[in-house]
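Position chains W, B and A with the ligands relative to chain D; hints supplied.
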Amino acid sequence: MESKLGLSADTIERCRSIAKEIVNPVQNYIQRHTTDSVERATLRLLGADLINDNGVPVPNIIVSQLSDKIQYGVAQYYINGLLKLNCEPDELNRKIAGGLDLTELDMVDKKYINEKGQELVETFSQRVKLHRSFRKEKIEKASDAQPSPLLYVIVATGNIYEDVKQAQAAAEQGADIIAVIRTTAQSLLDYVPYGPTTEGFGGTYATQENFRIMRKALDETGEKTGRYIRLVNYASGLCMPEIAAMGALERLDMMLNDSMYGILFRDINMYRTFVDQHFSRMINSFADIVINTGEDNYLTTSDAYEKAYTVTASQLINESFAHESGMPEKLMGLGHAFEMNPNIKNGFLFELAQAQMAREIFPEAPLKYMPPTKYMTGDIFKGYAMNTLFNFIAKATNQGILLLGMLTEAIHTPFMQDRFLAIANAKYVMNNMGDLLSDMEFKTDGIMQKRAQEVLGQTESFLQEINEKGLFDAVERKMFADISRPKNGGKGLQGVYEKAASYWNPIEEYLNGELGIQKGMM
Amino acid sequence: MESKLGLSADTIERCRSIAKEIVNPVQNYIQRHTTDSVERATLRLLGADLINDNGVPVPNIIVSQLSDKIQYGVAQYYINGLLKLNCEPDELNRKIAGGLDLTELDMVDKKYINEKGQELVETFSQRVKLHRSFRKEKIEKASDAQPSPLLYVIVATGNIYEDVKQAQAAAEQGADIIAVIRTTAQSLLDYVPYGPTTEGFGGTYATQENFRIMRKALDETGEKTGRYIRLVNYASGLCMPEIAAMGALERLDMMLNDSMYGILFRDINMYRTFVDQHFSRMINSFADIVINTGEDNYLTTSDAYEKAYTVTASQLINESFAHESGMPEKLMGLGHAFEMNPNIKNGFLFELAQAQMAREIFPEAPLKYMPPTKYMTGDIFKGYAMNTLFNFIAKATNQGILLLGMLTEAIHTPFMQDRFLAIANAKYVMNNMGDLLSDMEFKTDGIMQKRAQEVLGQTESFLQEINEKGLFDAVERKMFADISRPKNGGKGLQGVYEKAASYWNPIEEYLNGELGIQKGMM
Amino acid sequence: MMIKAYGDTLNDGAVQLSFTLPVASGPKADEAARIYTGKLGFEECEVVHSNPLSDDFTFFVVYGKSATSLDYSKVVVEEVETSMDFYEVNQFIKEKLKRKIVVVGACTGSDAHTVGIDAIMNMKGYDQHYGLERYPEIEAYNLGAQVKNEDLIEYAKKVKADVILISQIVTQKEVHIHNMTNFIELMEAEELRDNIVVCAGGPRVSNKLAMEIGFDAGFGRGSYPEHVASYVVEKLFEKQRK
Amino acid sequence: MMIKAYGDTLNDGAVQLSFTLPVASGPKADEAARIYTGKLGFEECEVVHSNPLSDDFTFFVVYGKSATSLDYSKVVVEEVETSMDFYEVNQFIKEKLKRKIVVVGACTGSDAHTVGIDAIMNMKGYDQHYGLERYPEIEAYNLGAQVKNEDLIEYAKKVKADVILISQIVTQKEVHIHNMTNFIELMEAEELRDNIVVCAGGPRVSNKLAMEIGFDAGFGRGSYPEHVASYVVEKLFEKQRK
Ligand code: B12
Ligand code: B12
Ligand SMILES: Cc1ncc(COP(=O)(O)O)c(C=O)c1O
Ligand SMILES: Cc1ncc(COP(=O)(O)O)c(C=O)c1O
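Protein chains in written order, with numbering that gives the first Met the number 0: chain D, 0 to 521; chain W, 0 to 521; chain B, 0 to 241; chain A, 0 to 241.
With the rest of the complex left out, here is chain D (with noise of 0.2 Å):
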């Protein structure tokens, strides 16, 4: 496909290969360690659940009595367990929630562990791959259903069962996505609540419990309006590959998954978060899980026309760091965002370049185009006219994946009509433009293409400035969103653990081989 932008199919492949430059030596760092995240997600995926009365789960416990012995891997001590208990992972998990020390059994022979181990791996990989199939079956039934792009809304009451009732309308007005919003903070506890929650702040709890409560809602709505309706929820924060693994069980179809966002916005320690976000998005990759990425973050931080280049450097790093994570394209929601100051002169033919950019620069990934948010007031109408706009770029470049914009963006998290008024809004753009841009050229060195061309050179400096300083150090010199990260500074760093030589886990080595992961040197 010829780029519509003029944009050098030369400069995009120096810009891939940078991006990997700036990866690898990160990816050789993840490779040798692990965390608390990744063990409990391990566990989880195992079979873990449950928790104590103290409110702590047991993944957490299984953890913090093991936390001598974490860089061998948990998964055999839990195993040992079921073992030497003689008991199935439910059982074992009151055991744990009732005070049983896994530290105080003695370890039965490797041998019988490994093989216990195929057999828990086994179970989850057939109860993914049952996920995949039966997702697989209902998109491919609605697809005419469901053009693109995909119509995505959040619910964030802080209560499930409100949620489900906004959710569920959503989908009959026409959503195809539903991503339910974390309570504020959540990314910073370093366990995962457990059961239905009724009580968040801008958003509710993610607990597996409440993942199967949406799914099962969803699932209904899906069958009756003939549709399959997409849920996602939250990965990024302390635990994201256990919401990864989470959410692979339960079914999610999507899954807030940066590689840096933890790092950028929610001061968590960089290490920390690049061995979680691998683990997590090998899980996710597995589970055919779309994941989203935050590049509308630094938007909203920093000036949206001034760092737009900021936005591609970080897609073609979260692409990179997707790939070693065995990620297919088609699995990439890569982040963009609508976020100018609506006052720019011609700042539609800029937002407009940008979309069309990623859309070239990215022609597999099914890109997740953020509303504008930054600069919605409590106009509710003059936020729906930028809304208007946004839905017209969003058809006009084909974007994948559309969260859509609320009216009332800067008042309060949406309420029921505010959604409704969004879908309406997207419905009606969507099906009166369709197909403007197959119909009209962008002017040869036009504002559009001089626009894309000029962001695209300085995605070049700019990951080229990062590969010369690593990306451990360009994060903490502020060279993203304006912020600087201090490299042992941020939450949990103390739960990153350099794997012994003999470090063991069943699921990660199972992963390795379905998504024909390549182990670097260690």
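Do not rely on the hints blindly, as some may be mistaken.
[Unchecked claim] As a list, the in silico DSS-like pairs of lysine-lysine whose alpha-carbon atoms are at most 27 Å apart:
id: 1; chain 1: W; residue 1: K344; chain 2: D; residue 2: K223
id: 2; chain 1: B; residue 1: K157; chain 2: B; residue 2: K147
id: 3; chain 1: D; residue 1: K486; chain 2: A; residue 2: K147
id: 4; chain 1: A; residue 1: K123; chain 2: A; residue 2: K97
id: 5; chain 1: D; residue 1: K442; chain 2: D; residue 2: K19
id: 6; chain 1: W; residue 1: K329; chain 2: W; residue 2: K215
id: 7; chain 1: A; residue 1: K38; chain 2: B; residue 2: K73
id: 8; chain 1: D; residue 1: K486; chain 2: A; residue 2: K123
id: 9; chain 1: A; residue 1: K157; chain 2: D; residue 2: K486
[Unchecked claim] Just a sample of chain W residues kept apart from chain B, beta carbon distances all over 10 Å, derived:
id: 10; residue: L149
id: 11; residue: K164
id: 12; residue: D218
Simulated from the structure, these hints should not be mistaken for laboratory data.
Glycine residues also receive a C-beta, built at the ideal position from the N, C-alpha and C atoms.
Using the frame of chain D, we list chains W, B and A with the ligands on its own:
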């Protein structure tokens, strides 16, 4: 300028000459006739004004006094009165209102009448020329502050004093043009009400005093904001020439004035309307008043996609009639509208093609682009989104006069905030995508090019058909807007008179000279 | 069943408002808007946006929560019965009324909006719904717009109308109510009211309003020809049986 | 001076509302919306639009008129004085306070929104208005977001702050009020409240709200650095003179 839509210059030329052929026989009729309203307008321009105790305006009293003499032109009798009673118009008006019957006065020598006539014409001409130069100067000074398209909003409270508040607020918010909508059914009154009025339905009476009040208010706000605020009213109806006369005297800047609107949409007799529109347009031409034609009405009555060609055809006919009145293109605010069903797939493309086509066919005319009205509903949010796309097209195709859509169009005449929201929407959109069209090209033989070419083709056939039947018969046979109007039906036919050979009208003579209008065969 | 407005939590009572106050923009105006909304009965009023409209007027967008609730089970609407489609209506006339019926319609008074009455009556219909002129069992006369009540009644007498349909679109200063009331008065003066089924329609005409004024029924936005057709034939049948 | 909402005629009381009711769409729902709006105190309520949101919910747009009026002359706002610009503030500090002042700011609690506090404090400023870090006479420390109240106070003690600025953006379930109240309680427990000028800011933080909770002042949407700067230096000067 090359056609972006690939329209054939030959076809356009052919359409134009058919339109002229259609207009020729009508013009011939027009020149041989006068009407009550033409005579009353003439009287007003010579100085007649005031009402009697029953509210009957002096011009109407004179015309009914002279009913059997109208064929000779009433001006001479009024002037005779001035000479006989040796007074100025003010005094004569009072006397007539008080009961004086002009027919009872002996006629002085025609020579004196002629002389006095020239004097009064001179007074009229001076007054209008002063208005013209005042307006020209103000507009030139403010030209940077008022780029194209000019933003046009309506006020319609029914009360001239409320209208003033609303109009001034709108002008401060950025409106360039204020139209005072007339009370419903004023077009059917065969006289012009008098004085300031505070009771109208869906609009405010057009009276000369109301014109003055609003003119003064807008001049004030214009001074305050460093802009020139245009004032619009409606000529159409049984008093078309009179209202044009009042507009010329009070420095209105635009006038709703269509060659066929009254016939089709108000069931006014066609002979009456054709004669009236001609004289009223002569006045507008001389006073440098931009006319607004009413093609939008075809689309609110019939389907906008199917009947798009009727708009283009009507524009060409309106243009041809306007030329006959000595009107330069820059005063031809030819109408069209964004009225397609919002659910049509690619409706935006068709609207864009249509608007661009009008632009290309009438490169010098300040096209008046009307907003969505028919498909507006109580869903004010949806309406606001539709207005966003409407504003988009207006700017993209460089329309001259942008009648802003109101989000409450389907509910009530505009509230003060409705106008504000409309202006804010237009400003946002137009600044944001201002240079889009010059940055894009229409795809050769794409949806838009084909659509425009198709509509132009239909226009030619339609004009041909009208020409074969003749315009009078075409109207009778429902060819416009699916409405049939019999030649001798409708209101006002009794007010049409064949001119006597000695017919005398000093205003008409003067304007014919000033405007270089060639009299055809009689 | 008691109900309240719903934002994102049952019974939160959340409502969006917008309005203009005749005061200059500024903190005092914002506070006035908050208090005003409070006086309207809302709690937790938030003035989320304000914008000057001129030196003397300011526009506000406000969100508030209201404790007011409504017993939904007590809400009664006299819905117009609109059960039959084109074919069924014609069938019904043939079988039950056993003769063609005569319908006269117009948009009355100074109101010049023909599109609504055309939607109901014209041959081609509206939104893929045939108009009354297309019904083989109905003799339909559409007099167009700006028809005087007197002329309409005169015409109805002439063609021996079973049904008169009135359209009223302009409502400013309640002109539609005056017009509709005047029509009913004339009908009564002529002692025709009881013999002829009279219906009104228009975007601001509800069944309730029309009945209060003395019509048999009223038809609001979104009406289709078969709605009024099925209503009037049932009504005529009912009258016939009395 | 009594005021009412204004649509197109003085004192017409016209207000636009939109809301959702937890009922299935249909004529009964429309009627319920009309009655509900009536119960909210509006007259001439017109349900101009309704749309199903699901089987159990319906959205409405309604226009109504309210007889409620408000005595505008009785409205009081304690406006924060915001008289000086960047240069004047620095001048004022030099001349009147005669020493550099220390300002510590943060977005507190679980709130992670830095843009607001950055707008006030960062060197580069916001919307062409320099932030406090750029003021030569101010020593400004911006601790960023998600700062615990305890940590903030600790830090303020360490740098001997004259002023503490708090930003609160998330307001769901009134989390900002809890957070702000907790801050004041801690300040009082540490007996620092009287020595330090404390201001809060955020899009839903009004001067009124902040003062009720115990802050010296509050700054809402559209605040600029010089607003808070000129307020605090005047306040400090006032304290100094006591
Ligand atoms: C088209 C239009 C016009 C056209 C009319 C062309 C024509 N041939 O009819 C023109 C341009 C001429 C026009 C003029 C005016 N209009 Co106008 N017009 C409209 C517009 C845009 C659409 C109306 C329409 O056709 N709707 C589509 C039809 C199908 O819907 P409907 O009429 O509601 O009919 C449906 C139902 O109500 C019902 N129904 C209607 N009648 C009947 C009768 C029966 C018996 C039954 C069973 C059912 C029924 O069934 C129909 C199908 O579902 C509306 C705004 C809007 N979007 O609603 C303004 C609007 C109605 N007009 C308005 C005004 C004020 C005027 C003017 C008075 C302005 C002026 N001062 O010049 C003039 C004068 C008209 C006059 N004397 O009456 C106002 C009325 C405000 C108010 N509430 O009082 C509106 C709301 C616009 C506005 N916001 O200001 N208008
Ligand atoms: C950008 C943004 C984010 C970014 C923040 C990036 C960053 N580095 O700050 C990201 C994406 C991380 C984010 C996340 C979330 N956000 Co957020 N976010 C926004 C957004 C779009 C813009 C806020 C903004 O930057 N405004 C621009 C600044 C300049 O304005 P300001 O903050 O009002 O500040 C001005 C004044 O208020 C004042 N001011 C502010 N503070 C102070 C302090 C002092 C002392 C003074 C004097 C003045 C002052 O001066 C400033 C300049 O005028 C708003 C929506 C909106 N358009 O407002 C939602 C919004 C604030 N977010 C919201 C939510 C719910 C969240 C989340 C909780 C969602 C979730 N569950 O994940 C998360 C978590 C955040 C958390 N833990 O706090 C809600 C809050 C709802 C509510 N009323 O409670 C909003 C309103 C969106 C919505 N409709 O749901 N968000
Ligand atoms: C990639 C990514 N993860 C997570 C989040 C938000 O999650 P939290 O607020 O829980 O960190 C966002 C929000 O924008 C995001 O972009
Ligand atoms: C050319 C023209 N004249 C007049 C009018 C309306 O005037 P009235 O309703 O008084 O006939 C319109 C309205 O659309 C119009 O287009």
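Hints, verified against the model:
1. Pair hint K344 of chain W plus K223 of chain D holds up; C-alpha atoms about 26 Å apart against a cutoff of 27 Å.
2. With a C-alpha separation of about 15 Å, the suggested pair K157 of chain B and K147 of chain B falls inside the 27 Å cut-off, and the hint holds.
3. Of the supplied pair hints, the one linking K486 of chain D and K147 of chain A holds, its CA atoms being roughly 22 Å apart against a limit of 27 Å.
4. Distance restraint check for K123 of chain A and K97 of chain A: the Cα-Cα separation of roughly 26 Å lies within the 27 Å cut-off, and the hinted pair is therefore satisfied.
5. Our distance criterion of 27 Å between C-alpha atoms is broken by K442 of chain D and K19 of chain D, whose separation comes to about 33 Å.
6. A threshold of 27 Å between alpha carbons decides the hint, and for K329 of chain W with K215 of chain W the separation of about 25 Å falls inside it, so the pair holds.
7. Taking the CA atoms of K38 of chain A and K73 of chain B, the gap is near 14 Å; set against the 27 Å cutoff, the hint holds.
8. The hinted pair formed by K486 of chain D and K123 of chain A meets the criterion: a straight-line CA distance of about 26 Å does not exceed 27 Å.
9. Taking the CA atoms of K157 of chain A and K486 of chain D, the gap is about 25 Å. The hint holds against a cut of 27 Å.
10. Every CB of chain B is more than 10 Å from the CB of L149 of chain W (nearest about 20 Å), matching its label as outside the interface.
11. Not every C-beta of chain B lies more than 10 Å from that of K164 of chain W, the closest at about 8 Å, which undercuts listing it as non-interface.
12. For D218 of chain W, the requirement that its beta carbon stay farther than 10 Å from each beta carbon of chain B is met, with the minimum near 16 Å.
Hints 5, 11 from the list above are not met by this structure, while the remaining hints are.
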